[in-house]
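Q: Each chain, letter by letter, is given below.
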Amino acid sequence: MGRTIVTLIVLAAAPILNRISAHKLLTDLLIIAILIIASMRLMLFLRRRSSLGMKPITQWPSPMSGALCGVGTNLTFMLTAR
Amino acid sequence: MIYLAKLGEEVLPAGLGLETRFRFFDALIGSLAVGLLYFFLRHSFNTSRPAALAGSSLLLFSVIRLEETEIISMHHLMLACTIALAALGYHWHERPSLQAAIGLGAVIAFGALSTTYVIPAALCWAVAVGLAGKGWFAWDRMQFKISWWKIPAMVLVAALIVLLLWPPGVLSTTILRDFLFYLHYPGTTAPRWIAVYWLARLDLPILVFSTLIILVAVWKASRSGCLSSKHAYLAVFILFFLNTALTAHLAGARNLLQFIGVLCLATGALFDEALGYQPLVLPSSSAAAMILGAINLAVLWQSPGYTPSFATDGYRAFVKENDVRLRERARAQVYGLPVLNFYSQHEGASVTSDVSELDDTEPLPTDVKYVLMPTFFCTGGLPVEHPMGLEHPLGRTVCEHWNVVWSFKGAHVWELRLYENPQFTAVNRKIQ
Chain V
1 MGRTIVTLIV LAAAPILNRI SAHKLLTDLL IIAILIIASM RLMLFLRRRS SLGMKPITQW
61 PSPMSGALCG VGTNLTFMLT AR
Chain R
1001 MIYLAKLGEE VLPAGLGLET RFRFFDALIG SLAVGLLYFF LRHSFNTSRP AALAGSSLLL
1061 FSVIRLEETE IISMHHLMLA CTIALAALGY HWHERPSLQA AIGLGAVIAF GALSTTYVIP
1121 AALCWAVAVG LAGKGWFAWD RMQFKISWWK IPAMVLVAAL IVLLLWPPGV LSTTILRDFL
1181 FYLHYPGTTA PRWIAVYWLA RLDLPILVFS TLIILVAVWK ASRSGCLSSK HAYLAVFILF
1241 FLNTALTAHL AGARNLLQFI GVLCLATGAL FDEALGYQPL VLPSSSAAAM ILGAINLAVL
1301 WQSPGYTPSF ATDGYRAFVK ENDVRLRERA RAQVYGLPVL NFYSQHEGAS VTSDVSELDD
1361 TEPLPTDVKY VLMPTFFCTG GLPVEHPMGL EHPLGRTVCE HWNVVWSFKG AHVWELRLYE
1421 NPQFTAVNRK IQ
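First to last, the sequence lines map onto chains V and R. So the first sequence is numbered by this note's numbering: it starts at 1 and just counts up by one. So the second sequence is numbered by this note's numbering: it starts at 1001 and just counts up by one.
Honestly, the hints are just simulated from the structure, not real lab data. Misleading hints may appear alongside valid ones.
Said to hold, decoys possible - Computed beta-carbon distance windows for the label pairs:
| no. | chain 1 | residue 1 | chain 2 | residue 2 | range |
| --- | --- | --- | --- | --- | --- |
| 1 | V | Arg49 | R | Arg1329 | 31 to 37 Å |
| 2 | R | Val1011 | V | Leu30 | 43 to 49 Å |
| 3 | R | Glu1010 | V | Lys24 | 21 to 27 Å |
| 4 | R | Glu1321 | V | Lys24 | 56 to 62 Å |
| 5 | R | Leu1212 | V | Leu30 | 46 to 52 Å |
As the list claims (entries may be wrong) - Residues from chain V that face chain R, not an exhaustive set, calculated with beta carbons under 8 Å:
| no. | residue |
| --- | --- |
| 6 | Asp28 |
| 7 | Leu30 |
| 8 | Ile31 |
| 9 | Ser51 |
The structure presented is a predicted model; accordingly, all values stated were derived computationally and were not measured. Glycine included, every Cβ here is placed at the ideal spot set by N, Cα and C.
So that you can see chain R by itself, here it is in the shape it has in the complex:
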């Protein structure tokens, strides 16, 4: 993603603005997930156009996707990979072939280059085709059977692509080691119930539509005795991704993005049968999903009570207005140090302070004079918009006892504050 960001800086006109130039190509590639979802719903799940539009427009207007997930991040790439893996896996779930092995291997490699989340995703595919497919994996009484040349071919293709583009990923087993690191990640984690809250608060149309469509489709199919491998396949993906989202490190609503992708895929795939293939009901329900998704996004975007987790601003203003402090020989901790470095480099400001990234897992060292951080560390109580707000130690020390010496508040973004340690303020007064 970072290379795409750099490409945007190189090739796009300066008039677009620094942030837009950096984000342009990442946004383009990140948006492929929505297009892929529509394509696969139409051509792998053979849905009607309204059904495919319902699933893809729910994902298009997802607040968690648009507002809670950084544009320059691996989550959007992994979302495209998850959707492609689920859909292509279904496309070939009863037809294992060399073409299928190469296709799925390429998708897994694409995911492996994005994030280690590809390991549970591939595991989910294996369970799904094991239970709902034919020829890939099978349990014959007490024996476990495997397609011995197609599975290795798939793994080989994935490994070769990763080896070509990122050699340490295979040679140093970096992907596996990173996965094991995140499996036991020690960072601050929000409570599990917050996932339901985030879905209901931020993506209510997805929650309502997916729940209704999936339940009605399963009820209709079970009543008529038509539960098929499609239902089993989608059920495995939904349950597996829900379980993974809830048991993995839950740093914010963005961790639900892969589950939301699977939910939209299942909603689109079951849309026709839930609504009984009725010609008038399908387009009107699809339009309702689209309109409600857009309204939800617009309402939250304009709501003064909602600020996205990553909406921070003021680093450029900080660099411009704190020239003296940046050259002061003092120790400081900054939330988003790369952001500060980037803007200070861009503005030509020299930073001589001993600045390090704010470590929110450790107590603050006593010799730190300044802390630059957004106010979501100070919200306290429920992690309504940001899990950092949950009884964070910084909220008790810095927010309550330190002095605010500079601040920036833009519209619809978290206020950025520079705090000064009161011990240093007292020393300065004595010197004066």
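This is chain V alone, in the form it adopts within the complex:
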């Protein structure tokens, strides 16, 4: 909860960054990162008390895409593990 509040305060202060940073694109990228992190933290925080919505787990698109995405997932896992 504390970290979520800190993220939101940082987000509210985002326009001030405009004065600090000389590079417009860098500032925009920083704001985008803050927005994404704030959104992710909010999604996880608000849902923390409810069960998983698992409907998609039974709805695999197809064996082929399952295999392709499975390979992709495993590759990502291997790269992350290293």
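The hints should help you fit chain R onto chain V, whose structure is shown.
A: Chain R alone, transformed into the frame defined by chain V:
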């Protein structure tokens, strides 16, 4: 989305908790829509920073996005696709090129891999660039003209990407068949006016800000005779997505998510001109949008009178506390059977009952002994929080006449109840 969920289970530490590990990567990818909205407002619509922040923070704090849409679902991916399609479509609306065709084709493919909603979204883009753009489509007196090599290039790129990642989507025309299925979906549908109610009840800051900004911007532009292709383009997207949301199967507030994305995009895109590019008004209005969005979310989150549609809990507790019933040779129907299976597998419980998913479109079979379901089936009356509550047959049979033999009520979630058929209770008494 499910592969991201599985990835989270594999790579994240167990201390985070099962639900957080499963949701982490889906939440990360789902949050890209907010970042994309900011980026496109700044770099495709050339808005000021306060304008881009106003649009993206309205979407960031949207209760329908955060509370009414499941994290592990296709709606968030489609939202990112809708925003990218609308913004990139505008970016290239007067400059058809091979780069534009490849870019838009990739976005459409991304959407096609998420949901069939990409078909109306692509159709909307075609209408918008046909009316407000140049070079893509045109009506010259009685002749319909089309950019014959750029449109096929776009479709080809989209088809190739889908073919690579999901072959049946193209080879078996699954995307098209799924779309046609949802076009005539027979399920329970809420009345159309409920969309306005949901927006006003759950996302009032978005409704108020978007209405004010859009109306003021259009009024100012029409008064000064400066109605541009941007206004026409955004108007097509708003009307098309509103119409699609209202005419498609309206299962819950989450069906408005794409329309909300378009509304936030239009609000951000028209923010500067509605407020007259005034240096003091823009940041203060942007901050007001952000603060009101956050307050709305906080108030609803703490309100005892509001429970999100998908906030169910107690399946793990049910598995732990109903070991005997799970091994009973009886027929049962469960709302969210995959959830029950998942938690029972995780807890190592064996389920020998004849369990099937609760079919809310059919009358309940007479030999069903147990029904496990959240109480939103029993609310009745107006579909205030959940459309299932609208004169649902289960509300009349199970909720009113069956016996509650187990229940779980967590904070801010729907109560989960196990109902027992009174016929079986009478038989048990006779045996005893």
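Q: A separate judgement is required for each hint: does it hold in the structure or not?
A: Each hint tested on the structure:
no.: 1; hint: V:Arg49 x R:Arg1329: 31 to 37 Å; verdict: holds (34 Å)
no.: 2; hint: R:Val1011 x V:Leu30: 43 to 49 Å; verdict: violated (26 Å)
no.: 3; hint: R:Glu1010 x V:Lys24: 21 to 27 Å; verdict: violated (39 Å)
no.: 4; hint: R:Glu1321 x V:Lys24: 56 to 62 Å; verdict: holds (58 Å)
no.: 5; hint: R:Leu1212 x V:Leu30: 46 to 52 Å; verdict: violated (29 Å)
no.: 6; hint: Asp28; verdict: holds (6 Å)
no.: 7; hint: Leu30; verdict: violated (11 Å)
no.: 8; hint: Ile31; verdict: holds (6 Å)
no.: 9; hint: Ser51; verdict: holds (5 Å)
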